[in-house]
Each structure stands twice: as structure tokens, then as C-alpha cells.
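Novice: Got chain V; can you put chain Z on it based on the hints?
Chain residues, written in single-letter form:
There are 2 protein chains.
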Amino acid sequence: MQTSDSLPRIVVLGAGFAGLTFCQKFPRNLARVTIIDRQNHHLFQPLLYQVATATLSGPDIAQPIRSILSDHPDIEVRMSEVQSIDLKAKKVILAKGEVAYDYLVIGLGGVTSYFGRPDWAQFAPGLKSLDEALALRRETLLAYERAETEADPAARDALLTTVVVGGGPTGVEMAGALAELARTVIDEDFRHIDPKKTRVLLVEAGPRLLPMFPEALSASAKLQLEKLGVEVLVASMVKDIRKGEVELPTQTIRSANIIWAAGVAANPLTRSLGIEIDRGGRIKVQPDLSLPGYPEVLAVGDVVSLVDVNGVTVPGVAPAALQMGGYAAKLIAKELKDGKGARAPFAYHDKGSLATIGRSSGIAKIGKLQFSGFFAWFAWLIIHLLFLVGFRSKVSVLTHWVYNYFTYKRGTRLVTGMDPVVAKPAPKQS
Amino acid sequence: MQTSDSLPRIVVLGAGFAGLTFCQKFPRNLARVTIIDRQNHHLFQPLLYQVATATLSGPDIAQPIRSILSDHPDIEVRMSEVQSIDLKAKKVILAKGEVAYDYLVIGLGGVTSYFGRPDWAQFAPGLKSLDEALALRRETLLAYERAETEADPAARDALLTTVVVGGGPTGVEMAGALAELARTVIDEDFRHIDPKKTRVLLVEAGPRLLPMFPEALSASAKLQLEKLGVEVLVASMVKDIRKGEVELPTQTIRSANIIWAAGVAANPLTRSLGIEIDRGGRIKVQPDLSLPGYPEVLAVGDVVSLVDVNGVTVPGVAPAALQMGGYAAKLIAKELKDGKGARAPFAYHDKGSLATIGRSSGIAKIGKLQFSGFFAWFAWLIIHLLFLVGFRSKVSVLTHWVYNYFTYKRGTRLVTGMDPVVAKPAPKQS
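Just so you know, the protein sequences line up as chains V and Z, in that order.
For our numbering, count along the first sequence from 1 and bump the result up by 30.
For our numbering, count along the second sequence from 1 and bump the result up by 30.
Only chain V is shown next, with the shape it has when bound in the complex (with noise of 0.2 Å):
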């Protein structure tokens, strides 16, 4: 099944978004191609949110990346931990054995960062991995689970009560769909709770949420959103998080359920690589996304920090990480078979942003278009739907949203994760 050993050797780090499209883009039979990630599966990273509260399954939104590529019989995929990059030797070093190559593209993506305070992090779990995403929905299930048997009215309140720290787009979507879940699920399926109980906190260090849109479109964002229950704190910089508790300039709010989205930074790794760095972690590449000094390394997607060639500073979005990881299968491609030459600048086209508020309800800009309400959650809806990876899934979301679209409820409401993971002959009570 290889291909010729004469052939130049590619490696790419991470099957996010940016290396799977180089995968994929990558004409046949030209290189050899390592694939390397932690995981054995591609997420679909903008539904996570979905999984967390109920709406999806996991397997909706994450496809084996072997299957993705499986038609691609010269690309080789490896599960392993990338544990460091000898830039001089051209090689990767991993958790068992290394890999020598002649092209290199990190797209390690990012991971989530508390702004120097990583103790935060055990208190406020941030929203980044499928298991993240269950750890979430477990966690969610179990405080309405505890607040309908919890005697003690402070307790119960504060089992009842949700922040999510972070206004951007992951922030904004989380805080719509838990305050629509809240409301539904406790409404319907519980005796003891009172549904307007429920809280669900959005805490936003900045003046407005929502920054990359224009301002008419965050204040339609904070107004849909507080329709639908959440309460709207811009302008209320976290001071302090510890056990079940968030510090805000003016009050401290009792919480069983603290969500980060505050912060996101580049995959560690980028530090150790001796190459200038922003304060994000993100490698300032040449505009052609190569590592300064390393013209056949590459970096794409998140860990890219980049001011264009029309002097865009490309943002930390899906859409930027599938052109570059295009961008750098043609030049690899380009220069295998014509030889090296001068190259051209990667350029990033901005196709607008999207962002929903509940089951039914968005913000859009596209191009000079902005709008607001059902029409910006149906075009999110279908453009999702349109880049989900793999025929089953897009099926099977499909099934879900217009399931939840109807009855407002969640299928995929389930606590699991609770029992140790070798499994042990232990009583299954009830």
C-alpha cells in the first residue's frame, strides 16, 4: 500500500480543519503524506456547543479521520502525541519514534487559556474536545438532577445557576442554548424545580459582545439572547473563580456550573520552536505562511499569526484555517513539480461571520449584508450543514435539529462518563 520511498516526504501536524484540507487538496501520488493527531477523529469544533447541551450526539460532529482519508491511499494517518519539532534536522519527534520530513505544515490549532491563570481552569473547564463537550452535558444533567432533591434554597439556586464567562461567538451560542435547555427540560420533565429559577449568566470583560461584528449586530445579539432569558454583564472582568463561584468587579455569583470561553491560545508546542511568537502563542509566519528562516515549514489554521497582503489580520476561524491548509497544498504541490520559485502571498477572504442565538434565531454579515433573527439561523444552519464532514452525519444532524427544532427537546440528554473506565463488576444499581 505505500508509494514509492523516492518520493518527498510530507508530515502534517493536526487534523483540524487547516490539515485535513491540505489532505485532502493535495494532488495524488506526488509526496508522501503523515497525517499525525492526538485524536483518532476530525471534530467539527463550531457544533461543540451542541453536543454540550443535548442537542447532538459526539459521533454527529467528529468522523474518524482514517475514513475521511480513507480514499486517499497514499496518506498515511497516525494516532500519537507530537512531542517536540527538530526544525534543523527536519524531523518530529513523537510519544514513540519520530518522523523525518522535506515539507512540514503545523496545524496544531489552539487550546483553551485563562490569561495566566490556569488554576481557574479546574473551576471553569473551557470547551474545546469531545470529551470536554460530554464532561459538559454530564455536568449540566447532574445539577438539575441535584437541585430537584436539594432542600437548602441557597444550594439549590446555585445548583440552578450557569455562567458563562466569554462573549464571543462559542460564549454567545453556549449562553442561547443553555438558557433554552433550562427552560424546556425543567419545565417539562422535572416536579420540584421552578423553571424561572433557573439562571443563565453571560459575563463579558469587554464593552459589547461579540467585537468582530458590527456594533448594530451585537446589540440585536445581547437583545435576542436576553429574550430568551440570559442575563447580559458586558463591561465585568472576572477578578476571581474558585470552587462553585465567580468574582465580578460589583458581585460574586454562587455557581455549580462555570464555563470558560473567555480565552484561546496556540497549541503550546509553538513555544518551544525558537521562532517569534505573539502573546497568544501564535507563530508570526512570512506571508507565506512559512516559519521564518524554515521556507518548507508551513503553519495553518489557529496557530497562525498573520497580517495579509491586504493587510487583513487573518482571524482564528474556521473558514481562515480551511484556505490556508489549501493555500499550502497548492504551493507544496506547485513547487514538487515545477521547482522552487518565488511565491505567492497567502491572501484571506472574509466571507462574512455567523453566530445563532437559540433554536431559532442569529446574527449574520456577509459581505456589506447584515441581518439579524431567523434568516441569519437558517443561513448558519445550512452552511453548517453544508461543510459537516461525511454523508451519515449531515443526515443525522439534520434528524436532530429538526427534532429539536419541534418539540424543543433534547434527545441526547444522557449522564455518562460516571462509571471508571475499566469496567468493574459493580453493582448496576438503580
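Think of the hints as simulated: they come from the structure by calculation, not from any bench.
Any given hint might turn out to be false.
Since the list gives no way to pick one copy over another, a pair counts as held whenever it fits inside one copy or between any two copies.
[To be verified] When the alpha-carbon atoms are kept at most 27 Å apart in a straight line, the in silico DSSO-like pairs for lysine-lysine are as follows:
#, residue 1, residue 2
1, K360, K314
2, K273, K126
3, K398, K314
What you are looking at is a predicted structure, and each value in this text was computed from that prediction instead of being measured.
Specialist: Coordinates of chain Z only, in the frame set by chain V:
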């Protein structure tokens, strides 16, 4: 939402087939019903092996108990662990608090039994909960990933060898599904593993597979399994299980993946009741399913040991649990309406047995009819779809089955549960 305090109080332990059917069949406004389960979801156990073998996702076969019973406002759902039952004082002691009852319905189900060798559990997990199924899926997929890069041939062979212990329906269905998973997935998606090297062994202590079926169908099942590449070893009592190793009478097999499908016992709580139980911990109930001396306590489902009024030993299968749950609901409702009197005994109706073998084969015995092959599989499919709870699950499962049938792909091939439960800002390396 609470119904009047003067109504009699019924407590149901366990939201399996029996307990849930009781709740669904019991008339409204006749009693205060509380159903208590350790999990927040009802699990459709007959399809659990399809989650373990990456055809279905967890939410496909699990439904929140509150959601199933949301249109029964007089039923209260409590997610809690049962500590003990005080039959004399008529109350159930929970991890937090206790509940008094006028009638008690015990549907606590079964646990994996290792026939006095609980130390085997760590090396050969069973398949009773969603968490166990997801762990099994992870370990199976990780074994292939490790085999792909394993240099030592003996170690690689062990990684590619799966041993299923127990030739009952669960073992047969697991072995068939695993053999197909190994062949199709490895053939398409891996580069270094030879699909011919994968082995799935099914080990049974008795003289034939599926002893509850007629001999001709057992023989057919064995043939069909062997066609899929399963090595069937009957009359092979397991002598010992160690880490990565199963010792049989005539050989010792190295295997990275040992699955225990050999034994089921009743929930161990039955041992503390001071009531006569059988070797598997099942309660020896009266003909009306009540506990001897406690007519207000009925046992239903897999905790029951009974030769019914027609001389039939009631088997530990889903249809029997459904029938017992319905019988108990009718019996208690009648007594609450008409006062106590003579009770009609429970009679089990055997509607037939089905088992699948791989993607499109199986065996069936329905009344006097016996058949195998495609039609047995198709009958199995229709019946399981009909009994699956929840419209959304039905559509989703059907989608996955159709997809799997035509593509041979397994869409839910995800390795999850490797991250710590509380999310840390661990480098999301690739």
C-alpha cells in the same frame, strides 16, 4: 405538580424494560409513583453491542428517563443510588434520604457475573452500561492504532486478536460485529496491518452456541460466524484470565481485547433482602411475582427467578421484562381500584427469539417457525426498531443502519474518554 398526599405511594426501583413499562402502563392519578435509577437514562440493552462496535452512537440507544415519562405528571423521577431496602418498615434507603412505599416494584436488573472470579473483571470487561460500551469501543479502536505502528510481530498479533467469552446472544452478536469491523475498517483505513492477521475468537464452555435455540439454528449460527471469519471454540471452559491472556484447556491465547459475555447475575442488592434467591442472586418470587411474605413487594425483570404457572422457566430477556412490568402495573392498579383479592398468576408468553450475526444475517425462532440468514436479520431489525423508545432514536438508528449496510463503514468510530473528566488546559496536541 405533586398529586395529593393522600394517594398510595408506589416506588419503582430501576428504569430498565420492566420498571419503565410499569410506569407507562400504570393508570394516571391512582397513586404517587416514584421511579428511582442510578442513571438518568433508560438504556436499550439489546443494541448495546452496536455502540461497542461503532455502528450506533450512545444517544441512539439511550433516552432520558424524565423525557420518556414527561407526559406522566404524577410520576416522579429520582436519579439516585439505592443503598438498601427495609422490607419490614416499607422504605427504600437511598444514598441521600429515604422513601416510604405502600407498594414496591423491584426492577434492579442484572450485573456481569464472573462466576466467583471477580478479579477477571479488570482484564475482561463486560457489557452492561453505556460507559462500558464506550470504553470497549475505545479499547478496540486503540488496539488497531497501536498495531499500525507496532514493530514486534508477536505484540502486533496480540493487538489484532479479540477474544469474546460466552456463546449466548450477546457473545454471538459481539463476535460477528467485531469480525466485520476488523475486516472492513482495517482493509480500507490502515496501511501497515494485514487484514488477514486479525482474529476474533468466540469461546463457549458448553457444547454449542445459543443453547436457548434449537440445535439446527445453533449450528447455522456457528457456520455464519465462521463465514465472517470468527473462530468458534465450543466446549472450551476458560481456566484463567490474566492481563492480555486467556487460558483455555488446550491453549493460551494472547489478546489485547478480552470481552466477557459469559455470565449475568441479579443486582447484588437482592442478597441483602433476607429472601430466598437462586445461585445467580435472582429472587424466588411467588406466582404473582411478589416476595414471599411481602405481597406489597413485586419483583420484575432480570432479578426474578420463576417457573411460571405453565411450567415455563421465565428467561432473563427483554420481552419477559416487558411482560412482567405490564403484569405488575395491572395487578397493583386492580387492587387499588377494587380492593385486595385473589391474584391471577403471571404467565410468560414466548414470542420467539432472534439473534443477528454480522451485517445482514441471523437466526430466528418464532413459534414453530425457524429460519436463518437475511430474513432472520431483517425480522430482528424491524422488531428492534419498533421497540426502540423515542421517534428521534428510531430515525437516527435507521439512518446509521442503512448507511452501515450500504457502505460497510462505521461512522461512530471515535476514541473518547481519554481526557481527564474535569477539563484541564492540557496542550491539545495532535
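Novice: Would you mind marking each hint as holding or not holding in the structure?
Specialist: Quick rundown of the hints versus the structure:
1. K360 with K314: For K360 and K314, only the intra-copy Cα distance (21 Å) is at most 27 Å; the inter-copy one is 73 Å.
2. K273 with K126: between (37 Å within a copy, 22 Å between copies)
3. K398 with K314: neither (30 Å within a copy, 75 Å between copies)
Consistency note: the structure conflicts with earlier hint 3 alone.
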